[in-house]
Amino acid sequence: MSEQLEPTKDKAARKASPVGVALAWLVVLGLLAVVAIQLRATMQGGMGIGQPAPAFTLSLFDGGEIQSADLAGKVVVVNFWASWCAPCEEEAEELQMAWEIYEPGGEVVFLGVDYADTETLARAYLERFQITYPNGPDLGTRISQAFRIRGVPETYIIGRDGLMKYIKIGPFTTLSEILAAVDRALAE
Amino acid sequence: MKGRGWVLLAVIGLALALTGAAGAQTTEPPSGQPPTEDEVNAIAKNMYCPVCENVPLDVCPTLACQQWRDQIREKLIEGWTEEQIHDYFVLQYGDRVLAAPPRSGLNWLIYIGPWVLIAAGAIMLARLLWRLRAPAAGPEPPPQPPANGPDDYRARLEAELKRRDLKD
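Chains as they are written, first to last, in this note's numbering: chain R, 1 to 188; chain Z, 1 to 168.
Any given hint could turn out to be false.
Here are the computed distance ranges between Cβ atoms for each label pair [said to hold, decoys possible]:
#1 Z:N54 <-> R:T174: 33 to 39 Å
#2 R:S176 <-> Z:P56: 26 to 32 Å
#3 R:E188 <-> Z:E37: 50 to 56 Å
#4 Z:I110 <-> R:E65: 31 to 37 Å
#5 Z:L132 <-> R:L26: 25 to 31 Å
#6 R:R160 <-> Z:A119: 54 to 60 Å
#7 Z:N54 <-> R:M97: 36 to 42 Å
The hints are simulated quantities; they were obtained by calculation from the structure and are not laboratory data. Owing to the predicted nature of the structure, the values given are computational and were not obtained by experimental measurement. All C-beta atoms, glycine included, are put in the ideal place defined by N, C-alpha and C.
Turn these sequences into a full structure, and let the hints steer you where they fit.
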């Protein structure tokens with residue numbers, strides 16, 4: 001009987017304090033939560049049609065900035081590009097032509113977001129293709145992260161209701177392709 | 001004598017002026033000498049472009065990375081320090097460009113976490129070793145036979161055997 005009492009006493013002595021156990025669990029759960037959040041963000045994939053468009057602020061090359069909240073009620077065409085991106089050049093002229101068609105109506109806004117680029121070369125690119133719609137750098141890659149882009153060029157068309165209406169991965173091949181996508185968003 | 005004094009003063013003044021000019025020249029950055037590839041790569045190796053993940057900027061072969069290296073070269077020519085260049089790239093392209101995350105916010109977990117775990121492990125190991133050593137340290141008390149333990153049992157067993165022998 002007394003032999004059995006000895007280990008019980010020892011076990012009681014060895015038992016960790018509840019605060020220590022709670023702290024250990026807290027650390028483990030905290031680490032798991034951080035890993036889960038990171039995994040969720042990684043596995044999220046790209047944006048989908050019908051999802052609310054993320055809010056963003058675009059600082060413009062020409063000074064000033066545009067906030068997405070100020071564009072509510074308009075169709076917004078957000079084009080991600082870069083001067084080092086050869087496929088971006090394929091659609092640059094068509095995008096500018098489309099902008100010139102919609103600009104007088106005032107119902108559609110085109111925005112160019114320059115991704116991971118150098119300002120000098122970006123400005124040269126805009127001049128080369130005579131792009132006049134608002135353009136600015138993706139400072140801190142915050143906008144591209146919010147849109148969860150996979151590369152450039154990518155174009156997102158946001159409806160008047162703030163929901164994603166159209167997503168183009170890769171370059172537009174024709175002007176009519178751009179017009180069709182924008183007109184569909186305008187009609188909704 | 002008076003004239004010699006003035007000459008001496010002028011010579012000293014000229015010498016001081018020349019020394020000062022020479023000193024000023026040595027503190028100025030070398031003009032007209034573009035930074036070498038090694039100088040650019042020394043900064044680029046601690047950076048990553050978001051387009052080519054997991055490839056350090058100094059060895060990344062893409063056009064985007066080449067442009068970034070050119071930008072580092074331009075900033076070095078302008079006299080920027082490595083820290084200023086890093087800050088500029090973080091502002092332009094985000095924290096992702098840095099090889100090591102900045103020491104702020106949740107990032108501290110990465111820096112502190114391993115040390116906390118190592119410290120916790122060391123404490124646990126020390127406690128375990130202390131516990132293992134503890135019994136050997138002091139003299140062990142002799143085992144006390146239980147009051148009605150084996151002797152009583154043996155006595156009853158022998159009595160039973162005797163009783164069986166008698167029966168037989």
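Hint-by-hint comparison with the structure:
1. Z:N54 <-> R:T174: 33 to 39 Å: At roughly 36 Å between Cβ atoms, T174 of chain R and N54 of chain Z fall inside 33 to 39 Å, so the hint holds.
2. R:S176 <-> Z:P56: 26 to 32 Å: Since the Cβ atoms of S176 of chain R and P56 of chain Z sit about 43 Å apart, the hinted range of 26 to 32 Å is violated.
3. R:E188 <-> Z:E37: 50 to 56 Å: For E37 of chain Z against E188 of chain R, whose Cβ atoms are near 54 Å apart, the range 50 to 56 Å holds.
4. Z:I110 <-> R:E65: 31 to 37 Å: With a Cβ separation near 33 Å, I110 of chain Z and E65 of chain R satisfy 31 to 37 Å, so the hint holds.
5. Z:L132 <-> R:L26: 25 to 31 Å: holds (29 Å)
6. R:R160 <-> Z:A119: 54 to 60 Å: With Cβ atoms ~57 Å apart, the hint holds.
7. Z:N54 <-> R:M97: 36 to 42 Å: Hint holds: Cβ distance 38 Å, inside 36 to 42 Å.
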